[in-house]
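Peer 1: Quick note, the sequences are listed as chains C and W, same order. Counted the way our numbering counts, the first sequence spans residues 777 to 1077. Counted the way our numbering counts, the second sequence spans residues 133 to 417.
Any given hint could be a false lead.
Sample of chain W residues facing chain C (criterion: CB under 7 Å; computed from the structure) [said to hold, decoys possible]: (1) 141; (2) 225; (3) 228; (4) 233; (5) 278; (6) 284; (7) 337; (8) 339; (9) 379; (10) 382; (11) 385; (12) 391.
Per the computed footprint, the stretches of chain C lying under chain W, defined by three or more beta-carbons under 8 Å from a beta-carbon of chain W, are [what the hints assert, rightly or not]: (13) 888 to 900; (14) 925 to 933; (15) 969 to 977; (16) 1036 to 1044.
Bear in mind the hints are in silico, worked out from the structure with no lab data behind them. Quick caveat, the model's predicted, so the values are computed rather than measured. The beta-carbon is built from N, C-alpha and C at its ideal position, and this holds for glycine as well.
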Amino acid sequence: MLLADAAAPAWSWNLIADFQQMWSFPFMVNAFRAGAITAVVSAVVGWFVVLRRQTFAAHTVSTVAFPGAAGAVLLGVSAVYGYFALCVAAALVIAALRGSGDREESALTGTVQAFLLAAGFLFIALYKGLLEGPQTILFGTFLGITSTQVTVLAGAGIGVLAVLALIGRPLLFASLDPQVAAGRGVPVRALSVLFLVLLGAATAEASQITGTLLVFALMVIPAATAQTLTARPGLSLALAALLALAATWLGLTAAYYAPYPLGFFVTSFAFAGYVLARGGHALHAVRSRLRPSPPAKEVTA
Amino acid sequence: MTSLLAASPLAQPFFLHALLAGTAIAAASGLVGYFLVLRAQVFTGDALSHVAFTGAMAALAFGYDLRLGLFAATVAIALLFGTLGRAARPDDVVIGSVFSWLLGLGAFFTTLYTTSRSTTNGNAGVSVLFGSIFGISASSAVVAALVAAGICLTVLLIARPLLFATLDEAVAAARGVPVRLLGLGFLTIAGVSAAEATQAVGSLLLLGLLAAPAGAAIRLTDRPYRALALSAVLAVLEMWTGLLAAHALPQIPPSFAIMTAATAVYSATFLIRRPVTRTAAPAGA
């Protein structure tokens, strides 16, 4: 790790001093900015992913960023193009194949994913050069995010969120009850394709920071936590974004002080929140079953 | 003829090991994959394959044999997924949340391994992720073949009740088939075969070996046992094609060649127009 030989920072429990020290490095400031953008965008897109039960598709789209990056480097262009090209392409492929039945859809999605990952491995084997090793692409790094990258991320993020805001209401309707929505004249299929493209764009963007395997964590875990905590759409959407942001920033802080990968911390914080929420939910369910306590009910249960 | 044989890949021991292990692993993956696709649990297979990575890296980080971690982690998580869901079919979102955390954990163990142990094998992570079938030793190949044979036998033994429980859960349960137990048992087998296949094609790619031959077999025939056999045969043939192609073109990693063969066969099945389009999607899925 680069950080270890740079400063060997230590947590001093003086919060203000600690943050001042951490933010005196421009790369940390950029990492916090980029982390905030990716966290909010992925959480909002991920909220719809969880609602629509498309986690497998989301996972496939996110893994595809790996061959995208490797292929772009092999061709000598910037990895950003590779991320966007392949993530959006994979989203379109999955969208085209949708509706062929549960079984076929999952077999297809799996094959698309495995083949493209294999292609990524081929690109790396062919390149053999300066590519920073597959593990960085897969698990991400927050060192060396430039200000330009942050600007590009912000632009793409705003774009994704704007489109999502425009189609949010019909998409929610189409996700919750596709048949009724179709009957009311909502273009369910077109919305589904558009949503997958948005998913591709959001993934491509987040992959650059969290690594292709871990962007999925930011999409699914905060959204699943938020939907466990509240059933109200607006509230849980905001909660998901907030949880993702918290996990990312906490993860960045932890990764700055400890020599372990950012992805590990981000997923761990997010997952801890999820476990707490599910635990609290289960506890609440048990207690509300016990509290009314008509003795007859206790016996039957 | 003899000179042809001497030049053929079969004269090289590493290729023979790969062929032995690969054939057994492919047959097992084909059989297990058919049920994964039929039960619409491919995502579970995907999660198990990622868990294999974390398990392998954890074992390496703590100084144990990599295979120990592979099998322990995949079986444990398979059982966890089995107990989390109703009738041993866990929810997508639960799988997604659990396994994305496990992947993060995998990244953690990778770092732990590469920084704390004297890195005799700095590429261990990459070979777990993407497989190294041409590097398999004679003894590992025999172990792999034996484990795979065990998986195949078990799948064939429970094929009948499992098929019943998969196609019509309610009726099967009413007839006294232990649906839940079968579901758990099947997930365990899936876990073992995921651990097993990781050695050949790597944890990221074994999904293709599970999904593609089975998907192709299901497109080619509607009859369950024929599809089950076809899935295994296709997987083995694709494995052979991949191994031969990778041997002929050394720049190409064998995992890529195997995946390409599997994807090509699966894509080809879409060119065959089926006379009857089956629209009987499972109602409760």
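Peer 1: Now look at each hint and say whether the structure bears it out.
Peer 2: Tested hints:
For residue 141(W), the suggested interface contact is broken, since its CB lies about 19 Å from the closest CB of chain C, more than 7 Å. Nearest Cβ of chain C to the Cβ of residue 225(W): about 5 Å, under the 7 Å cut. The hint holds. Annotation: residue 228(W) was flagged as interfacial toward chain C, and the flag holds, the nearest CB pair being 4 Å apart, inside 7 Å. Given hint, residue 233(W) at the interface with chain C, holds; its Cβ is 4 Å from that chain's nearest Cβ, closer than 7 Å.
Interface hint status for residue 278(W): violated, as the beta-carbon distance to the closest one in chain C is roughly 26 Å, over 7 Å. Because the closest C-beta pair between residue 284(W) and chain C is about 20 Å apart, greater than 7 Å, the hint is violated. This hint holds: residue 337(W) has a C-beta 5 Å from the nearest C-beta of chain C, less than the 7 Å allowed. Checking residue 339(W) against chain C by beta carbon gives a least distance of about 4 Å; that is within 7 Å, so the hint holds.
Because the smallest distance between the Cβ of residue 379(W) and any Cβ of chain C comes to about 15 Å, over 7 Å, the interface hint for this residue is violated. Look at residue 382(W): its Cβ only gets to about 10 Å from chain C, farther than 7 Å, so that hint breaks. Annotation: residue 385(W) was flagged as interfacial toward chain C, and the flag holds, the nearest CB pair being 5 Å apart, inside 7 Å. With 7 Å as the threshold, the beta carbon of residue 391(W) comes within range of chain C, its nearest partner Cβ sitting at about 4 Å, so the hint holds.
Interface restraint, the segment 888 to 900 of chain C with chain W: holds (8 residues with C-beta to C-beta distance below 8 Å; minimum three). Closer than 8 Å: that is the beta-carbon criterion, and the segment 925 to 933 of chain C has 0 residues meeting it against chain W, so the requirement of 3 is violated. Taking a C-beta to C-beta cut-off of 8 Å, the segment 969 to 977 of chain C contributes 0 residues in contact with chain W, too few for the three needed, and the coverage statement is violated. Residues of the segment 1036 to 1044 of chain C with a Cβ under 8 Å from some Cβ of chain W number 8, which satisfies the need for three, so the listed coverage holds.
Checked against the numbered hints given earlier, this structure breaks hints 1, 5, 6, 9, 10, 14 and 15; the rest are met.
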